[in-house]
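Once you've looked at the hints, dock chain Y against the given chain F.
Chains as they are written, first to last, in my numbering: chain F, 1 to 347; chain Y, 1 to 122.
For the record, the hints were derived by calculation from the structure and aren't laboratory data. Each hint should be verified, as a subset may be incorrect.
Stretches of chain Y that chain F covers, calculated by requiring three or more beta carbons in the stretch to come under 8 Å of a beta carbon on chain F [what the hints assert, rightly or not]:
#: 1; stretch: 12-20
#: 2; stretch: 36-46
#: 3; stretch: 50-61
#: 4; stretch: 72-86
For lysine to aspartate or glutamate, the following DMTMM-like pairs were computed, each having C-alpha atoms within a straight-line distance of at most 20 Å [claimed, not checked]:
#: 5; chain 1: F; residue 1: K34; chain 2: Y; residue 2: D18
#: 6; chain 1: F; residue 1: K160; chain 2: F; residue 2: D192
#: 7; chain 1: F; residue 1: K14; chain 2: Y; residue 2: D18
#: 8; chain 1: F; residue 1: K222; chain 2: F; residue 2: E245
#: 9; chain 1: Y; residue 1: K7; chain 2: F; residue 2: D331
#: 10; chain 1: Y; residue 1: K7; chain 2: F; residue 2: E220
#: 11; chain 1: F; residue 1: K315; chain 2: F; residue 2: D325
Far from chain Y, some chain F residues (derived; all Cβ distances over 10 Å) [stated by the list, open to error]:
#: 12; residue: M21
#: 13; residue: R44
#: 14; residue: Y104
#: 15; residue: K168
#: 16; residue: W234
Backbone N, C-alpha and C fix where the C-beta goes; we use that ideal spot for every residue, glycine too.
Listed below, chain by chain, are the residues.
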Amino acid sequence: MSVKYIPVQWNLNKWMYDACMLAGVAAFLWVFIKVAPGLLSHERPISSQIHNARAFGACAFLMLSIILAIGPLAKLDSRFMPLLYNRRHFGVITAFVATAHATYVINWYFNFSAVPKFEAMLSSNTNFGQLLGFPFEAFGIFALLCLLILAATSHDFWLKFLTAPVWKRLHYLIYPAYIAVVAHISFGILQDQQSLFLPVFFIVTAFAVALLHVWAYMAERKTGDPLATADGDWMRICQADEIEEGRARIALLPDGKRVAVFKHEGKLSAISNACAHQNGPLGEGRIIDCLVTCPWHGFQYRVTDGQSPAPFTEKIPTYNLRVQDGAVLVDPHANPPGTHVDPVEVA
Amino acid sequence: MADNKDKPFFVGYLTAPDGLRSFLIGVGIGLVLLMAGVGLGIGATQDDPGNGAFRNDYGRQTVTGVMELTPYPVVRVTQGSEHVPEGHTLMLSAGGKQSLMNRVRDLDGELVTVSGTILDRG
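Next comes chain F alone, as it looks inside the complex (with noise of 0.2 Å):
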């Protein structure tokens, strides 16, 4: 949360976070570079250039897998759900160590030609209509492309001024690319692979990440958020003695938003399950402070009226809610963000 744009909000867990992603890369790139050669039987060494666009677009393969992983995990096990909070610049760092692997590749399988490099990149195959000896360089310049757009627009800035449905629509964009670097690297180097290790791990990787997405879409859909159910003009979220002090129970509404309902010091209050930042899930975090905290970020917000405290601008929608009979009942129609809605005591 913050009331102006800085490039990076530093605290303890992002250093710790982005300690441990750059120690990787860092741990990748040298073994790579620097270890392996030497435990190669090769009568000749391969050329460097060659060997550090390996290591590099193998990095960026590695790296864009993790990251893909990190959600599925967080939705199956919340304690992955710290990963999530400093993602972006897993994703940043990624584009910069894709974009060496793009260099290398120019610099030395384009270059020293009649026709400039980018110019010889863009014609030198052009067999679209076959399979074999695809021009599989295309894909690798749309996901190389599609991780510079997330990357440049990952700042709060854009995501304030796309709005955040509009910028997650637009970072849905990292399954393109991850399908494009996969074609990237089946029609490219493994068409011409002996060794057995990288195809394994290539092949597994790709496998596990489309799992991970299957296993947690199925999780959510097997736990997902209950559908609340019609009680006149009125919807039918739980009986209020379920909610725990502190927490909150979401319900799906029929315009296919999300409700969370909370309770605080013994009363309830409705507001909108998005978070205004990112969309994350409120219901799944918790009141610290009096305030609801974001459990992706934490964005945090009045339980009554739905705004951040002062200084901070970010709004929510909030719900009118009654009990009845001891179950909670919410007005399906939101109050404008910011709106206060008086708390409801348990009977």
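Relative to chain F, chain Y alone:
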């Protein structure tokens, strides 16, 4: 989603709760080890690029043959040398990626004499 009421709650700008700290340290260490391990695995199992090399020990070779430009410039040797027998097909190369075509463009089908260093592809 699954009820996580009994699990520690992480807020990015606050100190990580005790129940989560050791898990996150383990994940961090695991990440570094995983990346180092994968780097080693892929890096140390790269295919052999072969033993291609300039055969400077042969010295400069001069042969005569018929030039063919399609699909790539080659010479069908009709009169060989010490290390290039008659009947051999020599694939030609030159500095850079374009200079060879510039030099042989007009020689398709011609009887030519070429001279240079043998580059063994391995």
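Each hint, compared with the structure:
1. Check on the stretch 12-20 of chain Y: 6 of its residues sit with their Cβ under 8 Å from a Cβ of chain F, so the three-residue criterion for coverage holds.
2. For the stretch 36-46 of chain Y, the stated coverage by chain F holds: 10 residues have a C-beta nearer than 8 Å to a C-beta of that chain, and at least 3 were required.
3. Only residues whose C-beta sits within less than 8 Å of a C-beta in chain F count toward coverage, and the stretch 50-61 of chain Y has 4 of them, enough to reach three; the restraint holds.
4. Counting residues of the stretch 72-86 of chain Y whose beta-carbon sits less than 8 Å from any beta-carbon of chain F gives 0, not enough to reach three: the coverage restraint is violated.
5. The suggested pairing of F:K34 with Y:D18 is violated, with an alpha-carbon distance near 38 Å, which exceeds 20 Å.
6. Proximity of F:K160 to F:D192 is assessed by CA-CA distance (about 46 Å); at most 20 Å being required, the pair is judged violated.
7. Proposed proximity of F:K14 and Y:D18 is supported: the alpha carbons are some 17 Å apart, at most 20 Å.
8. Our distance criterion of 20 Å between C-alpha atoms is broken by F:K222 and F:E245, whose separation comes to about 25 Å.
9. In summary, the hint linking Y:K7 to F:D331 is not supported, as the alpha carbons are separated by about 31 Å, beyond the 20 Å threshold.
10. As the CA atoms of Y:K7 and F:E220 are separated by approximately 18 Å, the hinted pair is consistent with the 20 Å bound.
11. With a CA separation close to 31 Å, the supplied pair F:K315 and F:D325 exceeds the 20 Å bound.
12. A beta-carbon of chain Y is positioned within 10 Å of the beta-carbon of F:M21; the least distance is around 7 Å.
13. Non-interface status of F:R44 relative to chain Y is broken: a Cβ of that chain comes within 10 Å, the nearest being about 6 Å off.
14. For F:Y104, the shortest C-beta to C-beta distance to chain Y comes to about 15 Å, beyond the 10 Å cut-off, and the non-interface label holds.
15. Once the 10 Å rule is applied to beta carbons, F:K168 is consistent with being away from chain Y; the minimum gap is 18 Å.
16. Residue placement check: F:W234 keeps its beta carbon more than 10 Å from all beta carbons of chain Y (closest about 25 Å).
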